[in-house]
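Visitor: This is what each chain is made of:
2 protein chains.
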Amino acid sequence: MISKKLFFEDANNEVSEEVVNGLQDRIKEEQKEIGFYSLPTDSNETMDKIYKFILSNNSVYKGKIKNLVILGIGGSSLGTKAIDTALKHTKNRNDIKLIFLENCDPNEINSSLKGISSKDSMFIMISKSGATIETTSLAKLVIYKFFDTLENPKLKKRFLIVTDEGSPLDKFGEELSLERFYIAPNVGGRFSVLSAVGLLPLAILGYDIRKLLLGASKLKKSFFDGNEREMVQKAAYLVQNFERYPINVLFSYSSSLEKLTAWYVQLWAESLGKINSSGQSVGLTPIGLIGSVDQHSFLQLVIEGPKNKTVTFIKVKDFKNSAKIPNVSIKNLEKTDFVNGLEFAQLLNSQCEATLETLIEKGVKVDLIELDTLNEESIGSLIFYFELLTAVAGVHFGINTYDQPGVESGKIKLFEKLNNKN
Amino acid sequence: MISKKLFFEDANNEVSEEVVNGLQDRIKEEQKEIGFYSLPTDSNETMDKIYKFILSNNSVYKGKIKNLVILGIGGSSLGTKAIDTALKHTKNRNDIKLIFLENCDPNEINSSLKGISSKDSMFIMISKSGATIETTSLAKLVIYKFFDTLENPKLKKRFLIVTDEGSPLDKFGEELSLERFYIAPNVGGRFSVLSAVGLLPLAILGYDIRKLLLGASKLKKSFFDGNEREMVQKAAYLVQNFERYPINVLFSYSSSLEKLTAWYVQLWAESLGKINSSGQSVGLTPIGLIGSVDQHSFLQLVIEGPKNKTVTFIKVKDFKNSAKIPNVSIKNLEKTDFVNGLEFAQLLNSQCEATLETLIEKGVKVDLIELDTLNEESIGSLIFYFELLTAVAGVHFGINTYDQPGVESGKIKLFEKLNNKN
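First to last, the protein sequences are chains A and B. The first sequence maps to residues 52 to 473 in our numbering. The second sequence maps to residues 52 to 473 in our numbering.
Keep in mind that a hint or two might mislead.
Copies of the same chain are indistinguishable here, so a pair counts whether it falls within one copy or spans any two.
DMTMM-like mimics (lysine to aspartate or glutamate), calculated; alpha carbons at most 25 Å apart, straight line [said to hold, decoys possible]:
1) 375 - 199
2) 139 - 309
3) 358 - 294
4) 148 - 309
5) 382 - 215
6) 462 - 309
7) 222 - 385
8) 117 - 146
9) 413 - 69
10) 464 - 388
11) 165 - 146
12) 196 - 369
13) 464 - 408
14) 165 - 65
15) 79 - 309
16) 262 - 309
17) 366 - 459
18) 139 - 80
19) 100 - 225
20) 413 - 294
21) 142 - 423
22) 382 - 226
23) 196 - 388
24) 375 - 171
25) 310 - 404
26) 100 - 388
Simulated from the structure, these hints should not be mistaken for laboratory data.
Produce the entire structure from the sequences given, and follow the hints as far as they go.
Guide: Structure, rendered in structure tokens:
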């Protein structure tokens, strides 16, 4: 389903058996407190609620809904975007248009709202705290633009809420009798894609969320059975060498994985960029690249620039449905004949291999993740792989992986700035 | 039009008048050899040819063309994508759909080609060398899928070429009597957006390319008049401190600038990631962020993580057409009332200011670029600003800014891999 391989021996040499065992033990402790570990199994209940809801509103979803609008930002939108972008070419995906109201950029708002009406659209407002300023502002716009008043009975059918139980947003929904789905309090926003945050919209879009959870469960079981030793080695190696290699590049050889790399960037950056218990600023800077496009952009820097980067490749073994390069030789373009008759997928994967081998030759620390194909199960595994990798790195850094204290001062500054203006 | 401000005095202290003057002198020398410097004026001729071509094919562009398909990758597509994404909300943009055939990802190819026919589509194949393997492979697919044979007379009307004069692609086009537009040989791919590479598709999309060149000209004049001293200081400071601050973040507070940051990432990474004349690997790692979205992702790492980043903010002063946040207080959500009645643009720009001030307080080296508004002229200036900044940094690094020798070995490896398979 997904397989992983490290191409550098340092991880084995520098990370002892003892360290690996110690990290695994600490994760076993941590999972008692931290909610994301339980999502692959605990979300079964959420899933049942979601499917029951969809079934009882079946008439709404069969043909009537053209647009699914997600009001959410950061952890409330990135996971859904990642999975939908990875899988939208698959057969389960229905033809509902997915729209994100995320940024308060006026041009984006105008273009997102174009062609939407309350008749053919479903809105899901997602905010863990219930007070995310972008999301509440956009929700006010949507409510007054499409429903006129809070008392409009259509709101009940068209406006769903995902939040923490007891949050201001939960109370708001309760007041208006809106359908609400909860995030467990110990599940952080960026670790929440396998909760209702991701599962609700993904189920409405037609994806098999049971398979998504199954993929995550398998990876989790493999980890706790002690079979993900290389993942722990990799995380430990990256942490131990974070000053030498401050940057970790995720180089995905498929355009379908573009938003999944963005999801990984959030997870890695916001979880690990912290002041540790000794007061030291730690963290690793994530960069997402897409192959082969970024061979024509960023790769030159990786190869000839400062050797401050490790690179993780992702490759999809079977694209299922690949067009072929016509097997014709064109006068003056004969130089390109060596790819004639190949599937485009073969060209793409050969580019991945050629780049990976080049980087190994240049002495770059490289690892490879291979997906058998893009489907709910493999993406579920991949998501849980990155969540566990981040958790292990956080434990080894000696930080709180699950908070984000650094961004609070900016929020206070924003409040002061605008509160004084009004 | 665009204004720039450095918020750290080190640049002034560490970069002497002498260094600034020396760098400016070396740029004056370099511009005699390197083509991009002349584009703001030399492209007038290209522009005339483009407008003449569009006028003589007016019937084609008035209503008949629904899709403009760009076959190109890296420098052949990023610039057009950057400018179109920045300006597609403006009045000049007509309603032709812009499609990129760029990556050899099978899913992307399938979804891009959906709904295209030769009747309502125009194709532009762009490759400086004329032998880019992704582009020629996709061109073969397009030609045989939509035109059946090379002899199809429709090809002449629908298939344009942008390349170097005398390249294999030029000869291919000559053979078939296709319309060709040239890139000057001393203009590199990633510096080519103000040549036919960008101007041809952008003119077809309705943009005022004269204004784009005007914006670039103004910035160029300002630089050579000695009025861009701070830009030179900034470039020199970044180069002198590249080991202390290996990462430069471009934090654009507008979703419209998302692809422009991707264009900047290519420009900066591929131009500066080099082995210098003393054999040292140099370069700065660029990262593109979008505000306020990435406040919920990457910002935590910038604030609390290792202090290895400088940050350039981009802000748009006037969004022209911003929706307002409804001035209503909703029960349970009163905490968010402090933004009631504001334009979304005000909220976005206040977020930019709050984040910028926070980073200054945390001791991060920050600079700010402000655009009066998003239009052809301001984007032309911004593009030329980044090109000059990169050129100055390259000169100070003592490298060849305009080649990309590092990626050649991967291309050879790919050829060997696939040539042996066939």
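Visitor: Any hints this thing doesn't respect? Which numbers, in order?
Guide: Violated: hints 9, 14, 15, 18, 26.
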